[in-house]
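Protein chains in written order, with numbering that gives the first Met the number 0: chain U, 0 to 482; chain D, 0 to 482; chain A, 0 to 120; chain F, 0 to 120.
Think of the hints as simulated: they come from the structure by calculation, not from any bench.
By construction, the Cβ of each residue, glycine as well, lies at the ideal position given by its N, Cα and C atoms.
One or more of the hints may lead you astray.
[As the list claims (entries may be wrong)] Label pairs and their calculated CB-CB ranges:
no., chain 1, residue 1, chain 2, residue 2, range
1, D, G75, U, Q125, 17 to 23 Å
2, U, K391, D, S35, 56 to 62 Å
3, D, K391, U, Q427, 28 to 34 Å
4, U, V215, D, L49, 37 to 43 Å
5, U, S280, D, V131, 48 to 54 Å
6, U, E384, A, G27, 52 to 58 Å
7, U, F120, D, S35, 45 to 51 Å
8, U, L170, A, G27, 43 to 49 Å
9, D, G439, U, E384, 43 to 49 Å
[Claimed, not checked] In silico SDA-like links for lysine to any residue, alpha-carbon gap of 20 Å or less:
no., chain 1, residue 1, chain 2, residue 2
10, U, K273, F, W23
11, U, K123, F, W23
12, U, K89, F, Q94
13, D, K123, A, G8
14, D, K123, A, P63
15, D, K123, A, G27
16, D, K123, A, E87
17, D, K89, D, D155
18, D, K273, A, T5
19, U, K336, F, A66
20, U, K468, U, Y316
21, D, K336, D, S280
22, U, K123, F, P63
23, D, K89, A, E87
24, D, K123, A, S60
25, U, K123, F, P30
26, U, K273, F, P30
27, U, K468, U, P421
28, D, K89, A, A91
29, D, K336, D, R436
30, U, K123, F, A91
31, U, K336, U, P421
32, U, K123, F, S60
33, U, K123, F, Q65
34, U, K89, F, A91
35, D, K123, A, T5
36, U, K273, U, P421
37, U, K342, F, Q94
38, U, K123, U, Q63
39, U, K123, F, T5
40, D, K336, D, D155
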Amino acid sequence: MIVNLGHLAIGTVDLLAAFLFMFGLKRMSSPLTAPSGILAAGIGMLAAILVSFLYGLDAGAVAQPFLRMNLALAAGALLLGGGFAWWGGKTVAMTAMPQMVALYNGMGGGAAAAIAAVELFGNKAQTTTGLVVTLLGALIGAISFSGSLIAWAKLDDLLAKPMRVRGQQALNAVVLLLTLGVGGAIIATIGGWPNPYLALEPLIILFFGCALVFGVLLTLPIGGADMPVVISIYNAATGLAVGLQGFVLQNPAMMIAGMVVGAAGLLLTLLMAKAMNRSVSNILFTNFGPAVTQAPGDIKGSLRPTEAADAGIAMRYASSVIIVPGYGLAVAQAQQKLYEFVKLLQGAGVGVKFAIHPVAGRMPGQMDVLLAEAGVPYDMIFQLEDINDAFKDTDVALVIGANDVVNPAARTDKSSPIFGMPILNADQARQVYVVKRGQGKGYAGIVNALFYEDNCNMVYGDAAAVLTKMIEAVRGLGSKAVA
Amino acid sequence: MIVNLGHLAIGTVDLLAAFLFMFGLKRMSSPLTAPSGILAAGIGMLAAILVSFLYGLDAGAVAQPFLRMNLALAAGALLLGGGFAWWGGKTVAMTAMPQMVALYNGMGGGAAAAIAAVELFGNKAQTTTGLVVTLLGALIGAISFSGSLIAWAKLDDLLAKPMRVRGQQALNAVVLLLTLGVGGAIIATIGGWPNPYLALEPLIILFFGCALVFGVLLTLPIGGADMPVVISIYNAATGLAVGLQGFVLQNPAMMIAGMVVGAAGLLLTLLMAKAMNRSVSNILFTNFGPAVTQAPGDIKGSLRPTEAADAGIAMRYASSVIIVPGYGLAVAQAQQKLYEFVKLLQGAGVGVKFAIHPVAGRMPGQMDVLLAEAGVPYDMIFQLEDINDAFKDTDVALVIGANDVVNPAARTDKSSPIFGMPILNADQARQVYVVKRGQGKGYAGIVNALFYEDNCNMVYGDAAAVLTKMIEAVRGLGSKAVA
Amino acid sequence: MNFTITITGFVALYLFMLAAFAGWVIIGHVPAILHTPLMSGSNFVHGIVVVGGISVLIGASTIPEQAIGFAAVLLGAGNVAGGYAVTERMLAMFQPSRPAGEPAKTGAVQPLRAGSSGERT
Amino acid sequence: MNFTITITGFVALYLFMLAAFAGWVIIGHVPAILHTPLMSGSNFVHGIVVVGGISVLIGASTIPEQAIGFAAVLLGAGNVAGGYAVTERMLAMFQPSRPAGEPAKTGAVQPLRAGSSGERT
Ligand SMILES: NC(=O)c1ccc[n+]([C@@H]2O[C@H](COP(=O)([O-])OP(=O)(O)OC[C@H]3O[C@@H](n4cnc5c(N)ncnc54)[C@H](OP(=O)(O)O)[C@@H]3O)[C@@H](O)[C@H]2O)c1
Ligand SMILES: NC(=O)c1ccc[n+]([C@@H]2O[C@H](COP(=O)([O-])OP(=O)(O)OC[C@H]3O[C@@H](n4cnc5c(N)ncnc54)[C@H](OP(=O)(O)O)[C@@H]3O)[C@@H](O)[C@H]2O)c1
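Make a model of the complete structure from these sequences and hints.
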């Protein structure tokens with residue numbers, strides 16, 4: 000009876016949680032409703048976790064002696080893992096978001112793999128279907144685990160440049176086949192076929208080892224800037240692994256939540272790749288070859304540097320300014336300074352907007368989050384298609400730490416790696432200021448003809464330093480001017 | 000083995016069908032993709048129907064002697080019911096769409112109720128849950144069946160005005176309670192409780208009888224113009240009934256398809272009610288009271304009739320015309336004539352657009368379908384929020400068979416039954432022509448102050464006749480003018 | 000392997016919840032211009048009830064069961080065929096300007112994606 | 000009544016199909032401005048794996064099972080707590096103009112619903 004009530008409680012709460020997850024994700028489709036969405040999903044999660052302790056009522060005779068210990072272990076693990084991750088999530092710098100998401104995602108994949116490991120070592124699968132699903136979930140979870148950790152290390156600059164060996168593709172294929180082979184051997188062994196070479200346990204360990212190595216090999220060669228797409232893929236993969244383990248554990252909430260994330264992550268990946276004008280397989284597998292070398296003769300004109308103070312004052316007397324932030328803004332952590340400057344301009348009656356390219360920065364939406372962090376209201380922030388026609392009626396375009404996203408080569412130069420990508424029409428503004436430290440190229444490694452245009456001046460220096468000078472200059476105009 | 004393969008085939012095809020249903024409905028969110036959407040859903044349906052004959056492999060010993068007969072009966076019923084309905088659907092006039100949908104919907108509800116009847120008479124429910132779900136599905140299906148038939152009869156003018164008795168609400172409540180009571184008695188009887196009054200079979204018959212009567216009583220008092228909302232509710236109800244019977248029959252495709260329609264129909268109902276600025280319960284239950292009597296003194300000005308020919312020629316020499324079609328256009332079946340006239344105007348260089356109010360006509364989207372039938376390309380058709388600002392820059396607004404949807408009382412007169420409903424700003428055009436037969440009021444039964452405005456002229460007559468005259472007049476200007 | 004489908008109470012609730020959610024989200028973005036075909040289209044979808052009718056009729060073993068089962072299939076088939084016919088007919092009518100072969104002399108009319116609300120002309 | 004949940008192969012496929020469809024449709028309309036929080040938000044949702052970890056750990060009856068189960072809960076809890084923390088933090092940052100208490104002297108800036116594509120300024 001009590002056991003039955005336990006099942007009733009778990010089933011009801013899990014059903015509610017599954018609904019809240021989907022409802023929450025749905026509400027995340029607008030900045031207005033998003034905070035309530037994550038809250039709803041969070042409530043569902045909390046309830047599901049609490050009620051899951053009722054599985055203790057189910058414990059069979061074998062597990063009974065361990066029950067109190069196990070319950071304590073579960074609570075301890077929850078507090079420990081949850082506490083650390085919570086603290087990390089609350090304190091990490093906004094610019095480090097991509098690697099944090101990678102880390103948490105890897106944890107999820109690892110958890111799914113660990114569940115599979117318990118099932119496999121305990122030989123708990125009832126049917127061949129169950130066994131195959133367990134192995135599949137273990138494979139995907141383990142790859143997602145080690146791959147995400149590599150992605151995290153790369154983004155956190157713990158690992159240097161992309162590492163590749165000759166014949167990387169072949170090596171990867173061999174390791175994957177080996178993993179699948181070991182998986183087959185496991186199925187055969189459990190199915191009762193004679194296997195003279197290895198017992199079940201070593202086979203399982205080998206299986207996980209191979210899967211983990213494959214995840215590492217798959218991720219190492221990929222460039223740091225492609226990592227967001229990779230993280231998104233692993234996010235979908237973890238979702239899939241969780242869904243599969245949900246089937247193994249006969250837990251529909253896990254099945255649903257995992258599969259929803261699997262599909263959502265896949266779609267998000269495709270959207271990102273599309274915004275970068277690349278295919279997913281191109282990102283994953285063909286990230287080779289030397290950087291494009293461009294004949295310098297292509298570019299006519301010369302670079303005209305100008306002082307930060309002069310540029311700042313010019314903007315103070317403009318009537319409209321559009322700001323194009325890019326990866327450099329994140330590097331310089333200058334978002335607060337930037338908004339301070341913008342508020343000065345607004346106080347002086349200058350109309351200011353932000354123009355965000357879908358792949359500005361190193362993660363989709365990174366600039367939006369960065370600006371939001373600085374307190375910029377989101378109705379000042381415009382996406383490419385909403386603002387691109389406005390540049391031509393604008394006095395000043397301030398390009399700050401951005402490069403590829405305003406490179407006109409995307410429009411004209413068929414040989415350019417970014418050809419075909421829509422770009423922000425900063426060059427159409429009456430005056431363009433470009434803030435960057437020096438002659439550094441953008442992510443695509445190509446020269447930017449915009450910098451040589453007649454209406455463009457360069458403001459050299461770290462974005463934060465340049466903005467400080469601009470703010471001082473405008474403030475220096477006296478309180479009347481900044482009324 | 001064969002039986003197992005049958006289950007495999009049914010399961011696979013049904014899974015595919017369930018997916019195609021959702022995929023198809025999703026594609027119906029844009030006129031561009033909608034035709035492929037209904038095709039996809041249709042393919043899924045066809046496959047599901049064909050594969051369902053494999054249930055024959057399942058037939059137990061009792062049903063075995065009947066099997067060939069039953070298969071033949073099924074095929075016959077399919078051809079007979081499908082053939083008639085197909086023919087009806089292909090030949091019905093576009094203006095009769097609402098009642099056709101009501102009819103088909105009633106059929107679905109009836110089918111669900113019939114399935115439940117077989118389950119109940121055969122006493123096939125395994126558990127109390129199953130029995131309750133069967134009864135619930137039977138109730139909803141039967142109500143939807145009889146209610147939809149009444150809706151059909153009303154819309155097809157087989158039934159006259161709303162019929163009400165005193166204490167209608169109380170009567171409805173009594174019948175509903177009676178139905179539920181009989182349902183309870185059925186559960187008790189099957190559960191083995193002593194029931195001295197009635198045997199199981201009469202109880203079941205009584206149950207269906209009460210449910211059918213309730214559907215009739217619920218629908219009879221509702222005005223014909225509210226029928227589309229009622230149909231939409233019954234559509235959702237049939238979906239729900241089908242989903243419940245799907246559970247009883249352990250058929251997940253039925254469960255999913257039914258529930259998808261149930262939710263979709265509910266949302267559609269709410270959207271419709273919102274567009275009419277009324278609540279669903281208001282439509283269903285409080286459709287009483289005499290029509291609003293308005294003091295004629297409210298309206299200043301006088302009606303100025305004009306000749307159809309003059310109005311037509313005036314439009315020929317305008318540079319922009321917006322046409323506001325309404326219920327009268329559907330009554331007059333004048334959509335073809337209207338588009339003929341529009342093409343004449345376009346040929347002469349006049350810019351013409353159609354402005355559609357969300358509740359113009361007697362069914363949401365009815366005007367869109369009507370114009371589409373006449374061949375009007377859908378990019379000439381604008382919804383209220385897309386066109387309302389354009390009236391003020393427009394030479395002529397031609398209001399044809401519409402009334403309430405252009406009544407300024409909705410903006411100003413708090414006592415008006417349509418107060419608060421957004422209306423089309425036809426009154427802001429430089430010149431307004433209103434085509435109607437006489438002094439007839441609109442659905443809301445109130446006087447329209449627009450008709451008395453200085454910039455408004457009335458063109459009396461049946462819409463088709465008026466348009467014929469207009470076409471002749473414009474043609475009469477000679478080929479040069481209509482170059 | 001055995002491919003019989005068993006859906007216990009709770010799993011049914013999960014299926015219902017998911018399906019209802021999907022239905023709700025799918026419809027959320029349909030433009031008003033398509034409300035009528037959408038109504039008949041969803042009407043068509045619940046015609047799947049005919050499959051249930053067929054399975055019941057096939058399992059019938061008495062004359063009354065056969066009669067009611069026959070009615071179920073008849074009605075369900077009407078739902079399916081009629082719903083498809085009217086929906087397909089209506090949808091085929093919605094045509095954009097260009098492919099319709101019209102001379103496209105729309106004058107001041109700026110083509111606009113149908114149902115794209117939020118844009119003002 | 001018995002509330003044990005049994006999901007056979009086919010029903011699992013139905014659940015998976017429905018969930019995947021729902022996930023796909025839900026994400027279809029998310030504006031680019033929210034891509035990062037959405038990624039971390041969906042990341043949070045698959046943290047439900049921790050529930051699986053708890054059930055496995057509770058059923059553990061050997062030291063290795065306990066150890067791996069403990070790891071599963073530890074990792075899953077990290078997924079949940081971290082995913083929630085960063086998502087909530089990011090979303091709290093997105094503020095519209097007015098409530099932010101700014102003097103709203105936005106000059107020529109016309110407020111526009113964030114992420115409303117299709118409108119051109
Ligand atoms: N968003 C995504 O999801 C994503 C993902 C993967 C790849 N990408 C790629 O990343 C690129 C993004 O374009 P983007 O225009 O944002 O950036 P970018 O093209 O990478 O250019 C960044 C520029 O910022 C400057 N910079 C660096 N640190 C700076 C500092 N502290 N202060 C001032 N300037 C600094 C650099 O020049 P100096 O060195 O001279 O200062 C560099 O030219 C695209 O090519 C895109 O395809 C994006
Ligand atoms: N669309 C929906 O879903 C729905 C559902 C339920 C209710 N409604 C209600 O229906 C109303 C719809 O407004 P509406 O402006 O379209 O129509 P309306 O307000 O009902 O007015 C129709 C007008 O057309 C005229 N008319 C009738 N037959 C005609 C003919 N053969 N030739 C020319 N004119 C003719 C009538 O005047 P004469 O008699 O003088 O000709 C009448 O004034 C709204 O009140 C709405 O709330 C709509």
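Do the hints match the structure? See the list:
no.: 1; hint: D/G75 to U/Q125: 17 to 23 Å; verdict: violated (44 Å)
no.: 2; hint: U/K391 to D/S35: 56 to 62 Å; verdict: violated (39 Å)
no.: 3; hint: D/K391 to U/Q427: 28 to 34 Å; verdict: holds (32 Å)
no.: 4; hint: U/V215 to D/L49: 37 to 43 Å; verdict: violated (50 Å)
no.: 5; hint: U/S280 to D/V131: 48 to 54 Å; verdict: holds (52 Å)
no.: 6; hint: U/E384 to A/G27: 52 to 58 Å; verdict: violated (22 Å)
no.: 7; hint: U/F120 to D/S35: 45 to 51 Å; verdict: holds (49 Å)
no.: 8; hint: U/L170 to A/G27: 43 to 49 Å; verdict: holds (47 Å)
no.: 9; hint: D/G439 to U/E384: 43 to 49 Å; verdict: holds (48 Å)
no.: 10; hint: U/K273 to F/W23; verdict: holds (16 Å)
no.: 11; hint: U/K123 to F/W23; verdict: violated (33 Å)
no.: 12; hint: U/K89 to F/Q94; verdict: holds (19 Å)
no.: 13; hint: D/K123 to A/G8; verdict: holds (17 Å)
no.: 14; hint: D/K123 to A/P63; verdict: holds (15 Å)
no.: 15; hint: D/K123 to A/G27; verdict: violated (38 Å)
no.: 16; hint: D/K123 to A/E87; verdict: violated (38 Å)
no.: 17; hint: D/K89 to D/D155; verdict: holds (17 Å)
no.: 18; hint: D/K273 to A/T5; verdict: violated (41 Å)
no.: 19; hint: U/K336 to F/A66; verdict: violated (49 Å)
no.: 20; hint: U/K468 to U/Y316; verdict: holds (16 Å)
no.: 21; hint: D/K336 to D/S280; verdict: violated (39 Å)
no.: 22; hint: U/K123 to F/P63; verdict: holds (15 Å)
no.: 23; hint: D/K89 to A/E87; verdict: holds (9 Å)
no.: 24; hint: D/K123 to A/S60; verdict: holds (13 Å)
no.: 25; hint: U/K123 to F/P30; verdict: violated (44 Å)
no.: 26; hint: U/K273 to F/P30; verdict: holds (14 Å)
no.: 27; hint: U/K468 to U/P421; verdict: violated (32 Å)
no.: 28; hint: D/K89 to A/A91; verdict: holds (12 Å)
no.: 29; hint: D/K336 to D/R436; verdict: holds (16 Å)
no.: 30; hint: U/K123 to F/A91; verdict: violated (44 Å)
no.: 31; hint: U/K336 to U/P421; verdict: violated (28 Å)
no.: 32; hint: U/K123 to F/S60; verdict: holds (13 Å)
no.: 33; hint: U/K123 to F/Q65; verdict: holds (15 Å)
no.: 34; hint: U/K89 to F/A91; verdict: holds (12 Å)
no.: 35; hint: D/K123 to A/T5; verdict: holds (16 Å)
no.: 36; hint: U/K273 to U/P421; verdict: holds (11 Å)
no.: 37; hint: U/K342 to F/Q94; verdict: holds (16 Å)
no.: 38; hint: U/K123 to U/Q63; verdict: holds (17 Å)
no.: 39; hint: U/K123 to F/T5; verdict: holds (16 Å)
no.: 40; hint: D/K336 to D/D155; verdict: violated (24 Å)
Of the numbered hints stated above, those contradicted by the structure are hints 1, 2, 4, 6, 11, 15, 16, 18, 19, 21, 25, 27, 30, 31, 40, listed in ascending order.
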